[in-house]
Amino acid sequence: MVTGSRLQVARERPAWQHLDSAQLVLLGAAVALTVAAAVSLAAAGGVAEPKPAIIFGALIALGELFRMNMPGGREVAPISTAGALGYGMLMSVGGEAVTYSALQVVAVTAAGMFAGTLPHIAVGRSPQLDAMARRLVVAAVVAFLFRPLTGLLFDERLDLAEWWTALGLMTLISCTAVCSDMVVAAAIRAEAVRVRFGIAFLDEFRAGVLLCAAKTATGMLIAVATSVMGLAALLLFTAPILTTQFAFRRYAAVRTTYLQTIRALSRVTEVGGYVETGHSRRVSRLAVAMGRELGMTEEQSLELEYAALMHDIGQLSLPDPIPGGATVLASPAEQRRIAELGANVIEQTGVLDKVAHIVRRQSSPYSADPAPPLASRIIKVANAYDDLVGDSTDRDRAAAVLDRLRLDSASEYDPTVVESLGTVLERRTYRW
Amino acid sequence: MRGLPGLPPAAWGYIGTVVASAALVLSTGSYGDVERPTFIVLAGLFLVCDSAPALLNLERARVSLSFSVSLASVVLLGPDGAALVGACALVAFQRVPLVKRLYNASQFALCGYIAGTVYELLRPVGSHARWRPTINLELLPFAGALVAYVACNLVMVGGILLLSRQATVRALVDEIRRLTPGLLGYGSFGLLIAGIYQAVDMFAPVLVLLPLLVARWALAQTRDQQRAHEATLAALCQAVETKDYYTRGHSERVSRGAVMIAEEIGMGPARLEAIRFAGMLHDVGKLGVPTKVLKKDGPLSETEFAAIQLHPMRGIEIVQEIGFLDEALDGIRYHHEKLNGRGYPMGLAGEEIPEFARIIGVADAFDAMTSTRSYRPARSVEEGVAELRKCSGTDFDPQMVEAFLRALDKKPWNPPKPVVLPEGEHVQTTRQDHDDPSAPLKVMGEGPW
Chain A
1 MVTGSRLQVA RERPAWQHLD SAQLVLLGAA VALTVAAAVS LAAAGGVAEP
51 KPAIIFGALI ALGELFRMNM PGGREVAPIS TAGALGYGML MSVGGEAVTY
101 SALQVVAVTA AGMFAGTLPH IAVGRSPQLD AMARRLVVAA VVAFLFRPLT
151 GLLFDERLDL AEWWTALGLM TLISCTAVCS DMVVAAAIRA EAVRVRFGIA
201 FLDEFRAGVL LCAAKTATGM LIAVATSVMG LAALLLFTAP ILTTQFAFRR
251 YAAVRTTYLQ TIRALSRVTE VGGYVETGHS RRVSRLAVAM GRELGMTEEQ
301 SLELEYAALM HDIGQLSLPD PIPGGATVLA SPAEQRRIAE LGANVIEQTG
351 VLDKVAHIVR RQSSPYSADP APPLASRIIK VANAYDDLVG DSTDRDRAAA
401 VLDRLRLDSA SEYDPTVVES LGTVLERRTY RW
Chain B
1 MRGLPGLPPA AWGYIGTVVA SAALVLSTGS YGDVERPTFI VLAGLFLVCD
51 SAPALLNLER ARVSLSFSVS LASVVLLGPD GAALVGACAL VAFQRVPLVK
101 RLYNASQFAL CGYIAGTVYE LLRPVGSHAR WRPTINLELL PFAGALVAYV
151 ACNLVMVGGI LLLSRQATVR ALVDEIRRLT PGLLGYGSFG LLIAGIYQAV
201 DMFAPVLVLL PLLVARWALA QTRDQQRAHE ATLAALCQAV ETKDYYTRGH
251 SERVSRGAVM IAEEIGMGPA RLEAIRFAGM LHDVGKLGVP TKVLKKDGPL
301 SETEFAAIQL HPMRGIEIVQ EIGFLDEALD GIRYHHEKLN GRGYPMGLAG
351 EEIPEFARII GVADAFDAMT STRSYRPARS VEEGVAELRK CSGTDFDPQM
401 VEAFLRALDK KPWNPPKPVV LPEGEHVQTT RQDHDDPSAP LKVMGEGPW
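Top line first, the protein sequences correspond to chains A and B.
One point on numbering: in UniProt numbering, the residue at position 295 of the first sequence is 295, and numbering is uninterrupted.
One point on numbering: in UniProt numbering, the residue at position 22 of the second sequence is 22, and numbering is uninterrupted.
Simulated from the structure, these hints should not be mistaken for laboratory data.
Owing to the predicted nature of the structure, the values given are computational and were not obtained by experimental measurement.
Careful, some of the hints might be misleading.
[What the hints assert, rightly or not] What follows is a list of derived Cβ distance ranges for each label pair:
no., chain 1, residue 1, chain 2, residue 2, range
1, A, 392, B, 224, 19 to 29 Å
2, A, 149, B, 180, 53 to 63 Å
3, A, 164, B, 120, 26 to 36 Å
4, A, 42, B, 140, 58 to 68 Å
5, A, 392, B, 386, 50 to 60 Å
6, B, 180, A, 155, 52 to 62 Å
7, B, 147, A, 25, 51 to 61 Å
8, A, 277, B, 224, 46 to 56 Å
[What the hints assert, rightly or not] Cβ-to-Cβ under 10 Å is the rule here; a few derived chain B residues that face chain A:
no., residue
9, 14
10, 189
11, 221
12, 223
[Unchecked claim] Stretch-level coverage of chain B by chain A, calculated; a stretch enters the list once three of its residues show a Cβ under 8 Å from a Cβ in chain A:
no., stretch
13, 166-172
14, 210-216
15, 284-297
16, 320-334
Where is the CB? At the ideal position from N, CA and C, for every residue including glycine.
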């Protein structure tokens with residue numbers, strides 16, 4: 001999706017080079033935490049209260065085993081996170097107080113995550129280090145804030161008011177941890193897809209808030225249930241989050257399939273000889289990069305991506321391909337017709353009205369009244385650029401085309417959008 | 001339940017009995033030892049969950065999270081309290097007719113009462129009148145109550161569906177089989193709520209139900225996305241078909257036919273889904289065949305014929321990235337192979353041809369024959385069937401042909417309407433059809449294919 005193009009590029013470089021600074025800081029913190037936890041355990045001569053440590057560790061490992069990828073390439077492991085939060089906020093096991101330290105929580109979480117990752121590595125799936133580090137840091141934040149309180153909060157038998165105080169504190173602390181996690185995630189994403197931090201944070205919030213709510217609720221639930229009923233309750237009380245996990249896995253799968261289908265079918269114009277090979281894909285990649293540069297949210301850029309992939313679909317209704325397939329060279333009337341036909345096809349779906357609108361206005365000049373939406377203006381520029389440059393990597397040609405687009409801006413092309421193309425291209429030549 | 005007017009008298013009698021017994025249970029109940037605050041919390045939750053969209057939506061039934069709350073009330077409030085909570089469905093925020101509302105409330109009340117009674121009976125002698133959760137979960141009594149509740153619910157819903165003739169026994173059994181795991185699952189969350197209710201009060205249902213509500217959101221999103229996906233696929237396939245006036249709707253019908261065969265030979269839901277999409281996409285590669293070849297009237301030269309033979313491969317080129325298609329890709333790649341090895345593109349024979357391809361091949365040919373072509377009017381379904389029979393064993397897998405004919409007996413085939421070309425417009429049509437086994441492509445210097 002949005003990160004697709006970047007990750008492809010990134011893979012060709014050594015692993016450490018494609019880490020952005022925020023990722024480096026995060027990974028450093030995670031490693032430091034793990035080392036400190038290991039040292040403190042060694043100094044203490046082992047694990048305090050081993051039984052819950054083992055069972056929670058196993059739960060975390062299981063959660064890591066069943067982690068999944070959400071839209072936007074976000075790796076999540078709801079069960080693992082819930083288990084780690086629950087272990088961090090555990091006050092007693094069946095009424096007997098537990099007194100382990102925050103560092104032990106970090107150690108158990110890290111060990112569980114490591115164990116759960118091994119099978120993934122064994123089958124050749126490399127772990128998303130930053131996502132794992134974030135999960136560890138969330139657990140650590142909760143543990144460091146809550147462990148010191150357990151001694152104060154817990155006595156032999158908690159009455160309702162004491163429970164509510166404890167639960168209130170748990171809610172507060174886990175919300176703090178989750179929010180700081182979103183800040184970290186946003187910082188990483190802002191660097192990765194070149195988007196302003198505020199927008200990246202909104203994206204992370206939208207993508208993660210519901211799952212985070214489910215995770216923290218389950219963390220608190222298992223902490224309470226284990227306190228009340230002992231370790232056997234742990235199994236039963238992970239059932240709700242299992243349902244959540246199952247539902248989200250299917251959701252993620254459908255989203256992926258949908259995008260795959262549109263990407264694949266955007267190629268019918270190529271196979272039919274209407275456009276050059278790779279045109280739709282290149283235009284969509286360029287358009288999404290420009291959209292992010294211009295401050296689009298993830299949702300908007302997904303619409304932009306769909307529209308860019310299908311922007312030439314209207315050509316299917318033409319009796320014969322236009323020569324060379326380059327719509328930029330076609331007459332304005334013909335361009336409008338292709339845009340209109342394409343929009344009609346997309347409208348047929350009944351669900352992609354916004355995308356259809358973007359495609360319909362893609363041929364309108366910038367000076368048209370009413371002004372075409374930003375996404376249409378972006379596609380217009382990206383399409384013109386790709387029609388004129390194609391898959392050539394000649395820098396002089398690219399620069400010449402960019403200059404030509406600049407000359408036409410103000411009437412035909414939106415100058416800001418052309419400048420964003422300039423920025424994206426410059427970054428590309430610098431980075432690639 | 002839909003379409004209330006015109007209910008048969010038996011159904012009215014049934015509704016009357018259920019409502020009357022619920023009224024009896026509710027009026028004779030003793031509510032003295034029902035804890036009021038707990039009741040208010042649970043009743044409120046029940047209403048919220050019952051009014052919220054359902055977790056599991058089937059054609060005639062829905063399972064909502066109110067199921068969990070009901071089971072929690074069975075444990076926490078006893079039979080009378082549970083009946084009262086169930087009766088709250090009467091005022092749930094749903095757009096349903098009064099009769100249905102009344103019936104649902106009554107059946108929930110009865111289910112709650114019966115499950116509560118079972119729970120009390122199964123509890124060890126000497127335990128307290130009300131649930132005191134401390135360390136041990138009372139698993140056995142709860143399991144009994146859960147099974148009783150689910151059974152009652154299914155019997156009562158099934159009864160009204162049967163009596164009002166909204167479902168056949170077979171459809172009902174099938175639906176119950178699909179519903180039961182969900183009902184048991186959501187019901188058992190009630191135990192979780194009850195388990196920690198004593199300790200944390202209102203926090204208990206919130207903590208248990210929050211992840212479930214989030215799951216519900218994801219499921220709803222999944223459904224929306226699935227629909228959007230299907231609609232998009234259909235629209236794009238249609239766009240591909242507009243190239244030829246005569247083949248409009250072909251993909252859609254082939255997809256339907258392939259699904260009919262697949263259902264008949266007992267394919268599972270995941271593979272059914274795959275073959276549905278494969279049917280829709282099977283001719284996408286035809287776009288790679290130049291229009292002039294498709295429009296050509298005389299015999300095709302060898303290169304032109306090669307272009308047609310390659311269309312399944314061009315199709316694969318387009319759709320291979322769609323991950324879930326997987327097995328269906330083979331169905332697209334080999335849908336023009338023939339059992340006797342005279343097909344294309346690979347010339348596979350017999351069992352070498354993947355199952356999906358053998359299915360799509362039959363549906364594809366049948367639709368081509370029963371549709372209008374530029375060189376002939378549409379054939380009747382009977383003629384199509386006769387032709388399939390004739391080619392069964394040479395072109396088509398007899399097993400698939402038989403399955404298709406059986407399916408045709410159950411569900412009639414809707415052939416496309418005769419095509420009337422609009423006048424005056426520029427219309428594209430083809431002169432030959434590569435799918436039509438009764439009129440093979442004419443190729444220069446070779447026998448008929």
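Notebook entry, point to check: So which hints don't hold here, by number, going up?
Noted result: Hints 1, 2, 4, 6, 8, 9 and 13 are the ones this structure does not satisfy, whereas the remaining hints hold.
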